[in-house]
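All residue numbers for the first sequence refer to our numbering, where the first residue is 116 and numbers rise by one.
Hints are supplied without guarantee of correctness; some may be wrong.
Computed cross-link-like contacts, DSS-like style, restricted to lysine-lysine with a CA-CA straight-line distance of at most 25 Å [what the hints assert, rightly or not]:
| hint | residue 1 | residue 2 |
| --- | --- | --- |
| 1 | Lys380 | Lys268 |
| 2 | Lys215 | Lys176 |
| 3 | Lys533 | Lys519 |
| 4 | Lys533 | Lys268 |
| 5 | Lys477 | Lys215 |
| 6 | Lys422 | Lys519 |
| 7 | Lys190 | Lys172 |
| 8 | Lys422 | Lys237 |
| 9 | Lys237 | Lys519 |
Ranges of calculated distance between the beta carbons of each label pair, as one might list FRET restraints [stated by the list, open to error]:
| hint | residue 1 | residue 2 | range |
| --- | --- | --- | --- |
| 10 | Gly352 | Ser514 | 49 to 55 Å |
| 11 | Pro511 | Gly279 | 20 to 26 Å |
| 12 | Gln522 | Arg333 | 41 to 47 Å |
| 13 | Glu313 | Arg123 | 22 to 28 Å |
| 14 | Gln294 | Glu459 | 20 to 26 Å |
| 15 | Pro126 | Gly229 | 35 to 41 Å |
| 16 | Glu323 | Gly513 | 41 to 47 Å |
| 17 | Gly513 | Asp241 | 17 to 23 Å |
| 18 | Arg333 | Glu166 | 43 to 49 Å |
| 19 | Ala212 | Glu403 | 27 to 33 Å |
| 20 | Asp241 | Gly279 | 55 to 61 Å |
| 21 | Glu335 | Glu403 | 34 to 40 Å |
| 22 | Asp480 | Glu246 | 55 to 61 Å |
Because the hints were derived from the structure by calculation, they are not lab data. Being a predicted model, the structure only gives us computed values, none of them experimental. The C-beta atom is built at its ideal place from N, Cα and C for all residues, glycine as well.
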Amino acid sequence: MIDLRALRENPDAYRDSQRKRGDSPETVDALLSADSDHRSALQSFEALRAEQKGLGKQIAKAQGEEKQALLERTKTLAEEVKAAEARVTATAAAFDAAGKALPNLVADGAPAGGEDDFVLLKEVGDTAVPEDVRDHLDLGTALGLLDTERGAKASGARFYYLTGDGALLQLAMLNLAVQQAVETGFTPVIPPVLVRPEAMEGTGFLGEHSDEVYYLERDEMYLVGTSEVPLAAYHSGENLGELSEPVRYAGWSSCFRREAGSYGKDTRGIIRVHQFDKVEMFSYCRPEDAAAEHERLLEYEERMLQKMELPYRVIDVAAGDLGTSAARKFDCEAWVPSQGRYRELTSTSNCTTFQARRLNIKYRDEHGKNAVAATLNGTLATTRWLVSILENHQRPDGSLGVPKALQPFLGKDVIEPK
RNA sequence: GGAGGAUUCGCAUAGUGGCCUAGUGCGCCCGCCUGCUAAGCGGGUUCCGGUUGAUCCCGGUCGAGGGUUCGAAUCCCUCAUCCUCCGCCA
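Could you build the full structure based on these sequences and the hints that come with them?
Rendered as structure tokens:
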């Protein structure tokens, strides 16, 4: 949900934002008109209600005939109040729907356009393609690290088993991510992965991405696609106080995605799967601190990628590819030699006050007034990283070099074929 | 799965149809008093929205949503959460 006062004051900013996303600016005008309808309905209801309350007080004191006369009048008034209230309910519903249809205001720096209109911010490392490169599935299967055939047998397409050193490799990476998160001031959290509708709705995942979400109808619960959801819901309805320093959490969870509409895309290996594990950073801060916090999250992501000794690039994601909640997004994409291209390994979003407004998360500003907080999130490690780790650290003899930072967790510096 | 109890301002509690414009205590904020501190005294203190230059004012808000009524914190229904107990179960 965007800031309505800001919208009323400067609708053009929101119309421009819609154009940058490649969306219709008319969504803004639909919301403005729903807002004004709602407010006028509210005003007529409030006027009638005030009259009713006033009469109620007179009735309490009145006696006999006078009381009877007043009762006559309030009966018709009660009808009018009820009708006015119904109009408020109707206009409020229309207004809510119009509000949900409008995504977050795109940040000034974000490039306009669609998926291919990103701005390249930097490239790090050497993107060589080794001779006789094997892709992560060949290598991982040969080394006994992963098993997609049995994954399909048990659960279907886009499922997999991580086995032996493959399982240990993922645990090592996730543990390293948690260790780094704790060192940089994040509170580690293992959150619930089944959430109620409000949590899903509040984080903005039931809009255009609702097809992506697993829903358990019998229990009216959703399986989360990222721990961003339970970490955002963690403080929903709360006031976080001064918030002079950002409040930071690192969630470790399994993540579930339906991958609807991606038939035929990335069907090989574990690039795009229905279930994976992830360590996710999540920050609550004052809106004026959000841009700086966003840079910080990006830096922590890069630090992890460097520990994995992976070549990568950083892109400033274009407005059309931001999703509902983000005002700006930076992705880190790591080199995947078998494909000869970069693939997304991390994504950090500044959601400004968009999620917090829906989830009713406040802080106390410098004047002591309640104000809506900002939320941000970013990836520290996921199962997909194994793709790039396997392919970039493969050796001509068929073994896999273990990145230095993972060696203490894994207890070895090379994974040999059996 | 079943039975009972609870949910009121940051915390604790009062409130069984109009006197609730929700009281009181604690905490917190401001002031007074006072060598200092504490105590004492006075005032303020739910949140959201509308309106306004700002105040004022108005409406909503007693877990959520419906209903009864001229009028609901209070009566009725549905739901959520927590607690106690019974049953089942890893």
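Against the structure, the hints:
Proposed proximity of Lys380 and Lys268 is supported: the alpha carbons are some 20 Å apart, at most 25 Å. Of the supplied pair hints, the one linking Lys215 and Lys176 is violated, its CA atoms being roughly 47 Å apart against a limit of 25 Å. A hinted pair counts as satisfied when its Cα atoms are at most 25 Å apart, and Lys533 with Lys519 qualifies at roughly 22 Å. Proximity of Lys533 to Lys268 is assessed by CA-CA distance (about 24 Å); at most 25 Å being required, the pair is judged to hold.
For the suggested pair Lys477 and Lys215, the alpha carbons sit about 20 Å apart, so the restraint of at most 25 Å is met. Under the criterion of a C-alpha separation no larger than 25 Å, the hint pairing Lys422 with Lys519 is consistent with the structure, at around 8 Å. Restraint check for Lys190 and Lys172: satisfied, since their Cα atoms lie roughly 15 Å apart, inside the 25 Å limit. In summary, the hint linking Lys422 to Lys237 is supported, as the alpha carbons are separated by about 17 Å, within the 25 Å threshold.
Taken as a hint, the Lys237 and Lys519 pair is honoured in the structure, with Cα atoms around 24 Å apart against an allowance of 25 Å. A beta carbon spacing of about 52 Å between Gly352 and Ser514 agrees with the range 49 to 55 Å that was offered as a hint. Between Pro511 and Gly279, the C-beta spacing of about 22 Å keeps the proposed range 20 to 26 Å intact. Taking 41 to 47 Å as the suggested C-beta distance range, the pair Gln522 and Arg333 conforms, at roughly 46 Å.
Checking the proposed 22 to 28 Å range against Glu313 and Arg123 shows it holds: the Cβ atoms sit about 26 Å from each other. Checked against the hint of 20 to 26 Å, the pair Gln294 and Glu459 passes, with Cβ atoms roughly 24 Å apart. For the hinted restraint 35 to 41 Å between Pro126 and Gly229, the CB-CB distance of approximately 24 Å leaves it violated. Under the hint 41 to 47 Å, the C-beta atoms of Glu323 and Gly513, about 44 Å apart, fit the expected range.
Range check, Gly513 to Asp241: Cβ separation about 22 Å, and the 17 to 23 Å hint holds. Between Arg333 and Glu166 the beta carbons are some 48 Å apart, a value that agrees with the proposed interval 43 to 49 Å. Between Ala212 and Glu403, the C-beta spacing of about 31 Å keeps the proposed range 27 to 33 Å intact. The hinted window of 55 to 61 Å between Asp241 and Gly279 is violated, with their beta carbons roughly 30 Å apart.
Against the hinted window of 34 to 40 Å, the Cβ-Cβ separation of Glu335 and Glu403 comes to about 38 Å, which satisfies the hint. Range check, Asp480 to Glu246: about 60 Å between beta-carbon atoms, so the 55 to 61 Å window is met.
Figure legend: structure checked against the earlier numbered hints; hints not met, in rising order: 2, 15 and 20.
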